[in-house]
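Student: Produce the complete structure using the sequences and hints provided.
Chain by chain, the residues run as shown.
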Amino acid sequence: MTMISIEAVVRPERIHHVTEALESVGCQGFYYSNVTGEGRQRGVEVFVGRGGAMASRHSVPKTIVRTVVVDDMQEAVITAIIEAARTGDKGEIGDGKIFVTPVTEVVRVRTGERGETAV
Amino acid sequence: MTMISIEAVVRPERIHHVTEALESVGCQGFYYSNVTGEGRQRGVEVFVGRGGAMASRHSVPKTIVRTVVVDDMQEAVITAIIEAARTGDKGEIGDGKIFVTPVTEVVRVRTGERGETAV
Amino acid sequence: MTMISIEAVVRPERIHHVTEALESVGCQGFYYSNVTGEGRQRGVEVFVGRGGAMASRHSVPKTIVRTVVVDDMQEAVITAIIEAARTGDKGEIGDGKIFVTPVTEVVRVRTGERGETAV
Amino acid sequence: MDSGNTAWLLTASALVLLMTPGLAFFYGGLVRSRNVISTIMLSFMSMAVVSVVWILWGYSVAFGDGNAWVGDLSFLGLRGIEPGDDMLFAVFQMMFAIITPALITGAIVERFKFTTYLVFLVIWITVVYAPIAHWVWAPNGWLFEMGALDFAGGTVVHINAAVAAVAAAILVGKRRNPGLEPGNLPYVVIGAALLWFGWFGFNAGSGLAADGVAVNAFLVTNAAAATAALTWGVLSQIQNKKMSAAGVATGAVGGLVAITPAAGAVGVMGALAIGLGAGVFCYAAVLIRPKIAVDDSLDVFAVHGVGGIWGALATGIFTVSAFAGVPGLIEGDVEQLGIQAVGIVATLAYSFIATFIILKVLDLIPGLGLRVSDRDEDVGLDVAAHGERAYVSDGAD
Amino acid sequence: MDSGNTAWLLTASALVLLMTPGLAFFYGGLVRSRNVISTIMLSFMSMAVVSVVWILWGYSVAFGDGNAWVGDLSFLGLRGIEPGDDMLFAVFQMMFAIITPALITGAIVERFKFTTYLVFLVIWITVVYAPIAHWVWAPNGWLFEMGALDFAGGTVVHINAAVAAVAAAILVGKRRNPGLEPGNLPYVVIGAALLWFGWFGFNAGSGLAADGVAVNAFLVTNAAAATAALTWGVLSQIQNKKMSAAGVATGAVGGLVAITPAAGAVGVMGALAIGLGAGVFCYAAVLIRPKIAVDDSLDVFAVHGVGGIWGALATGIFTVSAFAGVPGLIEGDVEQLGIQAVGIVATLAYSFIATFIILKVLDLIPGLGLRVSDRDEDVGLDVAAHGERAYVSDGAD
Amino acid sequence: MDSGNTAWLLTASALVLLMTPGLAFFYGGLVRSRNVISTIMLSFMSMAVVSVVWILWGYSVAFGDGNAWVGDLSFLGLRGIEPGDDMLFAVFQMMFAIITPALITGAIVERFKFTTYLVFLVIWITVVYAPIAHWVWAPNGWLFEMGALDFAGGTVVHINAAVAAVAAAILVGKRRNPGLEPGNLPYVVIGAALLWFGWFGFNAGSGLAADGVAVNAFLVTNAAAATAALTWGVLSQIQNKKMSAAGVATGAVGGLVAITPAAGAVGVMGALAIGLGAGVFCYAAVLIRPKIAVDDSLDVFAVHGVGGIWGALATGIFTVSAFAGVPGLIEGDVEQLGIQAVGIVATLAYSFIATFIILKVLDLIPGLGLRVSDRDEDVGLDVAAHGERAYVSDGAD
Ligand SMILES: Nc1ncnc2c1ncn2[C@@H]1O[C@H](COP(=O)(O)OP(=O)(O)O)[C@@H](O)[C@H]1O
Ligand SMILES: Nc1ncnc2c1ncn2[C@@H]1O[C@H](COP(=O)(O)OP(=O)(O)O)[C@@H](O)[C@H]1O
Ligand SMILES: Nc1ncnc2c1ncn2[C@@H]1O[C@H](COP(=O)(O)OP(=O)(O)O)[C@@H](O)[C@H]1O
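Taken in sequence, the protein lines are chains A, B, C, D, E and F. Residues in the first sequence are numbered consecutively from 0, following numbering that gives the first Met the number 0. Residues in the second sequence are numbered consecutively from 0, following numbering that gives the first Met the number 0. Residues in the third sequence are numbered consecutively from 0, following numbering that gives the first Met the number 0. Residues in the fourth sequence are numbered consecutively from 0, following numbering that gives the first Met the number 0. Residues in the fifth sequence are numbered consecutively from 0, following numbering that gives the first Met the number 0. Residues in the sixth sequence are numbered consecutively from 0, following numbering that gives the first Met the number 0.
Heads up, some of the hints might be wrong.
Derived lysine-lysine pairs resembling DSSO-like cross-links, with alpha carbons at most 27 Å apart [stated by the list, open to error]: (1) K173(F) x K359(F); (2) K290(F) x K240(D); (3) K359(E) x K173(F); (4) K359(E) x K240(E); (5) K240(F) x K173(E); (6) K173(E) x K290(E); (7) K240(F) x K173(F); (8) K290(F) x K173(F); (9) K240(E) x K359(D); (10) K290(D) x K240(D); (11) K240(F) x K290(F); (12) K173(D) x K359(D); (13) K240(E) x K173(D); (14) K240(D) x K173(F); (15) K173(D) x K290(D).
What the hints contain is simulated information worked out from the structure, not anything from laboratory work. It should be emphasised that the depicted structure is a prediction, and the values quoted were computed from it without experimental measurement.
Tutor: What follows is the structure, encoded as structure tokens:
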């Protein structure tokens with residue numbers, strides 16, 4: 000069985016929902032980090048300089064979360080992330096994306112275990 | 000058609016050029032983040048402690064930017080990044096690197112769309 | 000010869016050991032960044048609010064480090080990271096993981112070089 | 000005007016003014032980082048709004064002759080207040096009026112609607128703060144006449160703000176996603192340090208002169224702050240094997256709160272006792288609070304309420320005739336303790352009820368309302384209400 | 000020496016000194032994070048450089064007898080200034096000389112060459128600041144003799160710095176990559192708070208005594224700051240449905256600027272009017288500025304120029320005989336307004352031209368020059384000019 | 000009590016108190032970010048612990064009659080100190096006792112065991128600080144009687160703390176992983192600014208009156224700070240082509256240290272010379288320090304030791320009869336220089352030996368010990384000793 004990396008770009012305010020969803024679907028581990036993203040969501044209005052006027056900021060704060068899992072968990076994880084990250088029932092622009100990439104090897108630093116058992 | 004992830008490590012002061020270049024070449028989305036990098040560039044001189052003396056700091060601030068695109072955009076994106084990230088005409092040590100990796104699936108959180116249309 | 004990306008999630012306090020190990024094993028470059036991780040290590044005790052009581056924080060600060068190398072360096076790099084990142088002889092929960100993923104192309108921004116020579 | 004007294008009162012007024020930004024950072028550091036600006040602004044805007052209200056009518060409502068319950072409008076716009084001791088008193092008192100509602104905001108951070116808060120400030124100063132200040136500090140105020148001791152505002156400022164905070168927290172409801180840890184601990188410490196520094200003006204200025212009373216007030220203020228900070232630190236170390244910086248800072252504030260009503264009435268040994276009590280009681284209250292259904296987010300009642308009540312009672316216990324002219328419990332007289340209790344209960348009752356009614360009404364007015372939308376709360380009020388982010392350091396900085 | 004006056008002036012001097020680090024953080028928070036240290040240093044170094052210049056010859060050029068235009072060198076090295084009221088005056092004035100050029104730096108952040116700036120400091124204090132101070136505050140200064148009212152430095156400090164800022168911004172040119180948002184908003188607020196706090200020394204110290212004038216100056220200072228902050232906040236809320244913290248902080252500074260020349264001459268109602276005007280005018284100016292070709296990056300002219308001019312004129316409008324001994328427009332006399340206008344125009348003209356020439360010359364001197372290299376500007380001046388990064392928290396911290 | 004003097008001394012006491020949080024941020028900004036809270040707490044807890052010790056017995060040990068070497072216990076618990084000039088003196092002196100051990104902590108950051116430090120504070124104040132204060136400042140202290148000049152604590156505070164820092168650094172050993180750069184440079188600058196601001200109280204308060212001596216002390220304090228900051232900046236620019244903000248801030252502190260003993264004894268020209276010397280000597284010392292085996296992490300000795308010794312000697316050089324009543328070297332008299340040297344040597348010797356013994360004993364007591372575990376040091380003391388992180392801004396904030 001092969002392993003894959005599932006990375007999701009989500010709204011920062013949803014990250015807790017997402018990590019809970021990952022836990023509940025049986026993810027062994029993951030990590031997340033704040034990034035700045037640009038997509039279809041055309042930014043937020045922010046004050047510039049001394050606060051006289053506002054401007055639209057193209058880039059918006061996003062959070063990425065990444066988990067490496069075995070192949071057959073792909074759909075479960077994707078479904079879990081979508082449910083946790085989506086705004087309302089229909090979703091809104093800016094809700095994010097999920098990217099799946101192949102992983103050829105996983106190693107647990109503590110034990111040196113390899114592959115699936117290390118995930 | 001397959002999808003790929005293009006990740007570039009660039010100088011922080013060039014990130015705006017790079018994101019503009021990505022937009023102009025038709026990237027649907029991307030994200031970026033500050034990291035600390037080490038490469039051939041042997042660091043910068045910084046003051047240590049109370050500012051009596053300087054030392055060379057091996058690691059330097061870099062920014063990574065990542066975009067997932069369909070396969071056939073690879074060359075366009077790479078060319079765009081190189082042009083935007085390179086210092087001067089000849090480039091300088093520390094201008095960065097670009098890494099291309101395969102992506103097996105992309106999902107749009109909002110709609111649940113998959114694959115190319117989700118990119 | 001193909002190229003791979005080796006990414007390790009390690010304890011922040013070990014990052015220097017890891018980067019030194021990478022250098023000594025001949026890595027041309029790498030970058031690292033602080034993230035927040037969750038795994039088997041069930042968090043740290045921290046004070047909440049005004050410091051009346053402590054709570055366990057699931058997520059813990061971790062550092063990820065990533066290096067792209069040619070295929071045949073995989074084992075050397077993994078061994079180097081394990082040695083540098085492991086706590087004590089036996090390791091402890093939370094010491095981290097290493098993920099290997101395929102890389103299809105590498106470009107040096109400065110020169111436009113491709114593939115192995117660009118790594 | 001004595002130039003020395005004037006010099007000290009000018010300084011003390013500036014010091015008390017600085018307490019409000021101090022509080023802004025103290026509170027701002029305790030919230031999660033997406034709300035730090037909005038939390039700071041809750042305090043900062045009190046400087047803007049209350050100064051104006053105080054000048055226009057607030058001072059008059061508080062210190063106009065009036066009756067036992069409330070001042071009159073004789074000093075509207077500070078009319079008739081000549082640039083002398085009277086004006087100096089009005090200025091000094093203005094700074095107290097500024098910080099009191101700012102204290103309340105600790106209970107409503109991360110979800111209260113900002114524009115409504117500004118309206119609330121105007122009404123609350125007029126309807127709650129000014130009358131209570133009149134009761135306690137105006138020569139014809141009923142608590143003043145009864146002999147209640149409140150040197151620098153234990154009831155008027157702290158108990159008052161604390162119980163109003165509870166009313167506000169009840170009405171605005173709990174936060175959806177309270178953060179676990181303070182977002183910026185150095186801000187908490189610098190905030191506490193500025194509060195400690197400014198509190199010398201608060202307490203040692205309240206005698207309105209640069210004399211022995213001021214010197215004693217200064218000493219006991221420092222003594223109580225230090226003792227309470229130390230007490231909290233030790234309790235924290237014993238219970239958790241770690242010493243929380245937020246806790247030590249909170250302990251210091253608790254000690255400062257508790258010594259406030261007593262600063263003109265007790266000696267240094269009394270101050271150590273008051274500080275010790277403040278450390279213990281506030282620590283216990285902060286431990287208990289999460290078990291209560293009310294989301295008094297930054298523990299306003301646990302610190303300013305509990306510390307303030309303890310201080311007001313302790314004033315009745317430790318006051319010595321040599322200072323305040325009346326004997327306390329340690330000198331064998333229980334009467335002052337009773338008077339102090341009346342002041343506490345009256346303040347608790349009036350402030351709670353009046354604040355509750357004000358906010359209830361504001362909640363019902365179309366266009367106002369107490370609470371931001373869920374979406375704004377999730378995104379954080381810095382962006383949602385102020386269009387700003389505290390720290391910008393991505394590539395786009 | 001009266002001990003009370005001395006106590007207040009010592010305090011006031013310390014307060015004014017603190018304004019410069021306050022300004023450093025105010026400005027430092029407004030730039031992008033790769034330039035925060037360099038921006039802070041522009042202000043901080045003024046404390047180092049101007050103190051020395053002031054002692055060696057600056058004070059003498061400003062307050063030596065001389066003629067109507069400039070002082071003489073009789074007090075070189077503070078020779079003959081005994082440790083008494085004269086020395087206290089020299090110290091108090093030193094703090095004003097320190098902050099004035101620091102104000103200019105808001106226009107040149109993120110691209111001005113640091114070493115050239117240090118040279119500029121020395122020359123500018125000597126050639127621009129000291130003479131203008133002489134005109135306005137020396138008993139034989141021509142504006143003083145004409146009866147221009149500038150209690151605490153509206154022209155000498157604010158208009159002067161603001162127009163010099165414009166000259167500097169023109170000459171150094173625009174930034175290549177201005178950031179969109181302030182890099183650290185809490186710094187902006189703590190900076191504004193320290194400015195507000197220190198301004199009590201600035202204004203209430205300028206009567207050189209702890210008396211009724213000082214008390215009134217203290218009150219009107221706070222009133223104008225609060226009103227202007229509130230005005231800005233309300234305008235910002237109306238226009239954008241959000242209340243900018245940077246805006247409110249800027250409003251407060253605008254109000255403080257505007258009340259500066261008037262602090263000894265107007266009553267509290269005048270102060271509210273001045274604050275209101277400052278809020279409106281500075282807000283409008285900050286809105287308009289981006290449309291102008293000059294990159295006065297942190298709006299020095301929009302705040303200190305517009306606020307300073309408004310304040311200087313408002314002094315002519317709202318001054319009351321009871322305070323300043325001369326009637327203003329509201330008492331039906333237009334003359335003072337005219338005198339104020341002369342002071343404004345003279346300061347604008349002299350400071351602009353002199354500053355322009357100084358910088359032009361510095362630009363031509365080999366090894367100096369006004370502007371950093373493009374590369375340094377892109378990388379950020381913290382690393383390029385100071386070899387430092389503001390925050391280090393990667394694994395290598 | 001003169002109200003003016005009282006006003007100034009109250010203000011000065013508040014200013015000196017503020018120096019300790021200032022120092023907390025100065026030091027806190029210099030360490031790596033995982034230790035900023037623990038570093039801040041080392042200073043902050045001195046406010047809590049030393050205040051209590053000072054009230055209970057510290058003041059008595061320092062200023063009780065006693066003999067030439069140490070006070071007695073006549074003022075235990077400040078017994079018999081009436082709320083007047085005596086109490087004001089006790090308060091003012093308390094603030095000096097608070098900051099002195101906080102200065103030491105710069106040498107032991109990032110690895111010293113926090114609970115042991117608290118015990119150390121109690122003992123060190125009693126056994127080292129109070130006696131040396133008695134020697135120098137009590138009317139029957141042996142150095143006082145010998146005529147040693149130490150206006151505001153160059154030996155008592157700075158040399159004393161600096162040499163104790165060396166003893167502590169030797170015993171606790173080197174850091175495992177010292178960071179390369181300061182973790183938060185703006186904190187270093189705001190810390191230095193608060194120190195500079197507070198130092199006006201430190202020095203200009205030490206004459207215990209608002210008079211000409213205070214004015215002169217204020218002036219020379221500012222002059223020396225500015226000169227030393229400028230000197231450091233220039234040296235840094237020459238040597239490295241960049242001007243370190245941390246360096247300029249350190250230069251200012253070095254200048255303030257050096258002028259401390261001299262503030263009541265020298266004129267402004269002497270102050271410029273002292274500042275210049277401080278800049279040069281401290282700069283050189285900071286350059287040399289890394290080559291020494293002792294990990295005095297934040298250069299306490301290089302700044303407070305070297306600066307303090309230079310200042311104490313410079314007092315003997317530049318003192319003028321007109322101020323201090325005794326002639327210095329520049330007036331042709333070498334005797335005072337000799338007396339100053341005796342004070343320096345005695346302080347160096349006693350403080351080093353006593354501190355060394357105290358720490359050695361604490362190291363041996365089970366449950367105490369000087370050093371945290373390697374693991375705690377690697378993780379950082381903020382989490383390890385305080386259960387806190389300075390900044391929390393991940394998704395879980
Ligand atoms: N092709 C992509 N590659 C990398 N990141 C992307 C890509 N598309 C979107 N993103 C990230 O996802 C975030 C949300 O995308 P956006 O287009 O706004 O949402 P939606 O797909 O719901 O319209 C963006 O801010 C960006 O950071
Ligand atoms: N093999 C690699 N894997 C990961 N990151 C790399 C690698 N090589 C370089 N980098 C990143 O790219 C940055 C620039 O690389 P550097 O070697 O300095 O530039 P150049 O290729 O122009 O000489 C480095 O700081 C590092 O962060
Ligand atoms: N499957 C995974 N995918 C992504 N990150 C992981 C995964 N498993 C662990 N991690 C990261 O590695 C860190 C250490 O993992 P943990 O399970 O605590 O260690 P150990 O494997 O030694 O028990 C976690 O905090 C998490 O950030």
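Student: Could you check the structure against the hints above and give me the numbers of any it violates, in ascending order?
Tutor: 2, 3, 4 and 7
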